[in-house]
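Q: Spelled out from the first residue to the last, the chains are:
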Amino acid sequence: MVEKKDFRRVDKFIWELPKETRPDMRVPARIFASAEMLDSAFRDRTVEQLINTATLPGVLKYAMAMPDFHEGYGFPIGGVAAMDVRTGVISPGGVGYDINCGVRLLASHLEKEEVAPYLRDLTNALYRACPSGVGEPGRIRISPRELDELVVEGARWALKRGQAREEDLAHTEEEGTLPGADPSKVSARARERGGDQIGSLGAGNHFLEIDVVEEIYDPQVAKVFGLRENQIVVQIHCGSRGFGHQICDDYVKSLQTAVQKYGISIPDRELVCAPIDSPEGRAYYGAMACAVNYAFVNRQVLAMGVREAFRDVLQGKVRNWDLYQVYDVAHNIAKFEEHEIDGKRVKVCVHRKGATRAFGPGRPEVPKAYRDVGQPVLVPGSMGTESYVLVGTEKAMELSFGSTCHGAGRVMSRAQALKKIWGPDLKRELEEQGLVIRAGSTKGLAEEAPAAYKNVSQVVEVVHGAGLARKVARLRPLAVIKG
Amino acid sequence: MEGHREQDPGFEELPHTADVALRVWGRDLKELFVNAARGLAWLMANPEAVRPEKEVPLDLSAPDAETLLVTWLGELIYLNERDGTVFTEFDLEEVTPTHLRGTVRGGRTDEIRHFIKAATFSGLVIRPTERGLETTVTFDV
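If you read the sequences in order, they're chains A and B.
Position 290 of the first sequence, counting from 1, maps to 290 under the working numbering, and the rest follow consecutively.
Numbers given in the working numbering equal positions in the second sequence, counted from 1, plus 1000.
Think of the hints as simulated: they come from the structure by calculation, not from any bench.
Just so we're clear, the structure is a prediction, and the values are computed from it rather than from any experiment.
Backbone N, C-alpha and C fix where the C-beta goes; we use that ideal spot for every residue, glycine too.
Here are the simulated lysine to any residue pairs, SDA-like style, with alpha carbons at most 20 Å apart:
| # | chain 1 | residue 1 | chain 2 | residue 2 |
| --- | --- | --- | --- | --- |
| 1 | A | K253 | B | L1079 |
| 2 | B | K1030 | B | L1060 |
| 3 | A | K12 | A | G467 |
| 4 | A | K253 | B | P1097 |
Selected chain B positions facing chain A (Cβ under 10 Å, derived; list incomplete):
| # | residue |
| --- | --- |
| 5 | E1013 |
| 6 | T1017 |
| 7 | P1063 |
| 8 | G1074 |
| 9 | A1119 |
Make the full structure from the sequences, and use the hints.
A: This is the structure in structure tokens:
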């Protein structure tokens, strides 16, 4: 049983388990956390899952957990691992079921006071424009042939269909299109599950939020991102819906035989994997990239729904109702990137499961408008609590393959939350604080109660302190829409 | 657990920080699979509120018992997402470690508890016990 004393404190916020901790570890494991936060890693299977991640073939430097870590399946949530493309593996358990779950931030030209009289109408209009909840069809209908085009072209498909603007694409990770998508590797069942869900939020922790920029920490970078104090912004948090869930499900099953074929020993069957350069590994990547592109289109179509709702409610009442896109980030993904290891540029496959890319200044992957400062990193808080906009750093490139946290991170199970929190009470409490809420079910609200999560500000203090990203702005929610 | 107080429920919910996990047991593989499916129905909805109007025949194969269990639960999750059916009755004619054949019956209900994305392999091992077989299944929600 690994204990806190087995960790070596490398830095104020970096804790390392040597690779001798378990004989099958190939590299050490690192957790980014404050001393108090590290204690919570021993309350569930986070540490065991992180050690398991450190056993995968081709893993480079360290298996890492960001400070919003908690137990997942396969990798822990908050897990980051980079694999050597020549000797390493790709694992669906290192990406998760909701492939390219992520966050999009839209910014308005409006101040809080201009929107306040219309906040309730706006929330209702957003609820109608952006379908949420289980089994709700999405905003647009597509044929099976169009689905094949959509998953290859990603956001470019949305642009063609009048569901995007050029500048939205420029301000999306990978410009909204991950290369290498191969629809022939996607099952009929995944197509069926995903066919009618484009432009829908889904259930669980996914949400749409109207926020106000409450505080600016870095005025220079905030200006580059188009953010200012008291500004109204909108966050969209969702992923690839049933399409991505089915792709993960299909490959976790089919790769069970691949590990035997390639003689890979894994400590947990959810960590199944295949060599990156193998027919099985390429098939998973091709299918996963389809789900990544599906999710980019999903958030893009929802963004157009948000614009429509703003127009319908605010046109003629405010000076400019329009919204521009600040950025869109993925937090469940595997990607090929170049990183510097021991002074050499190396091509790696970075798995980020509940972790966000946080590239610093100068990287060609960062949109031109932001390249001098680094990419925006979007870190949503739990429902009703603050969210953060951060900026990627040079230090993240050295420490974590350019990765940082993705949110608050759960500390309480859904069952515990339901026992402790009564949905209608929570809704009333949040409304008394001035928050407008539209939710499909009050039980769903209780499961996502702020008390079930770590304090996002403490998580952000760790990544800021460790240098994995820097604070730019804090957002405060005014209205929340949930499935 | 509502609806199962009188008899051995065959499953119990275990704490999991983000997802949901069930410990499931049974005298043999067939009972283990039925109890896992009953547990899934209980996670999805109030099974008491379901009128089993719809019947679906199933014939599933997998390379080993754990993969077959994930395939079986995955099938019920898929059918639930497709048309909202929660399956509560399971008439399994044959369950071997690599093959399952039988009929499931279920219906729709408004008394929904969780939306289940998938049954995972996380820590999944079917173990022999004094009473028969036991396993823990983690579901992604």
